[in-house]
Amino acid sequence: DIQMTQSPSFLSASVGDRVTLSCKASQNINKYLAWYQQKLGEAPKLLIYNANSLQTGIPSRFSGSGSGTDFTLTISSLQPEDVATYFCLQHNSWPLTFGSGTKLEIK
Amino acid sequence: EVQLVESGGGLVQPGSPLKLSCAASGFTFSSNWLNWIRQAPGKGLEWVASINPDGSSTYYPDTVKGRFVVSKDNAKNTGYLQMNNLRSEDTAMYYCARTLGGSRDYWGQGVMVTVSS
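Quick mapping for you: the protein sequence lines, in order, are chains X and E.
Residue 23 in this note's numbering sits at position 23 of the first sequence, with consecutive numbering throughout.
Residue 107 in this note's numbering sits at position 107 of the second sequence, with consecutive numbering throughout.
No lab work stands behind these hints, which were simulated from the structure alone.
Watch out, some of these pointers could steer you wrong.
Said to hold, decoys possible - The calculated DSSO-like cross-link candidates involving lysine-lysine, where the alpha carbons are at most 27 Å apart (straight line), are:
#, chain 1, residue 1, chain 2, residue 2
1, E, 43, X, 103
2, X, 45, E, 76
3, X, 45, X, 103
4, X, 31, X, 45
5, X, 31, X, 107
6, X, 107, E, 43
7, X, 31, E, 43
8, X, 45, E, 19
Can you build the whole structure from these sequences, using the hints too?
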């Protein structure tokens with residue numbers, strides 16, 4: 001099984017900060033990587049697919065990069081409404097696996 | 001408008017079966033993969049099952065293989081997750097989702113399953 005390792009587990013940043021979240025795969029997953037945002041009490045919402053494609057309706061301050069084993073989600077200017085837990089998902093091979101998440105809070 | 005609505009959750013005893021439903025609307029259900037993902041209270045996300053658009057292929061992780069069965073009725077625009085021999089560790093919010101990881105990715109609001117005596 002492919003293990004997905006997210007870091008950090010917890011991040012506190014200020015409004016307006018540039019924030020970078022990491023997701024590393026235990027083996028090559030090409031660009032089959034998605035990023036999700038989950039706010040408290042809500043279902044996850046897709047932000048980025050195919051590692052760097054912005055989902056329709058998602059603000060342009062969110063961007064994704066990477067391929068192979070190392071991936072990054074960047075929020076260019078953190079907003080209060082970005083408080084959430086962020087998960088990555090690899091769908092290169094079965095079983096599909098999620099990272100353990102990064103909880104993002106406002107300082 | 002795309003909608004996925006889960007139902008069928010509840011409190012069950014260990015060893016019991018339970019069948020979840022996922023009613024779809026607003027898109028061509030027969031052309032899309034259906035997936036089930038769960039989240040234990042306060043924990044992360046775990047993929048549980050996937051079925052291809054025509055229902056001919058199914059996929060499961062080892063944690064549920066042999067106990068869970070995913071299906072879809074394209075005529076009724078409804079997907080199902082039959083869960084057998086439930087264990088306490090199956091306690092979670094269960095989400096159905098369309099086409100995980102791609103641009104057509106969309107999740108329902110989830111249904112809670114509690115396994116306890």
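Hints and how they fare:
1. Note on residue 43/E and residue 103/X: the hinted pairing holds, with a Cα-Cα distance of about 12 Å set against a maximum of 27 Å.
2. Proximity of residue 45/X to residue 76/E is assessed by CA-CA distance (about 26 Å); at most 27 Å being required, the pair is judged to hold.
3. Annotation: proposed proximity of residue 45/X to residue 103/X holds, straight-line Cα distance about 15 Å (limit 27 Å).
4. Distance restraint check for residue 31/X and residue 45/X: the Cα-Cα separation of roughly 19 Å lies within the 27 Å cut-off, and the hinted pair is therefore satisfied.
5. Taking the CA atoms of residue 31/X and residue 107/X, the gap is about 32 Å. The hint is violated against a cut of 27 Å.
6. This hinted pair checks out: residue 107/X and residue 43/E have alpha carbons roughly 23 Å apart, not beyond 27 Å.
7. Annotation: proposed proximity of residue 31/X to residue 43/E holds, straight-line Cα distance about 26 Å (limit 27 Å).
8. At most 27 Å may separate the alpha-carbon atoms for a hinted pair to count; residue 45/X and residue 19/E meet this at roughly 25 Å.
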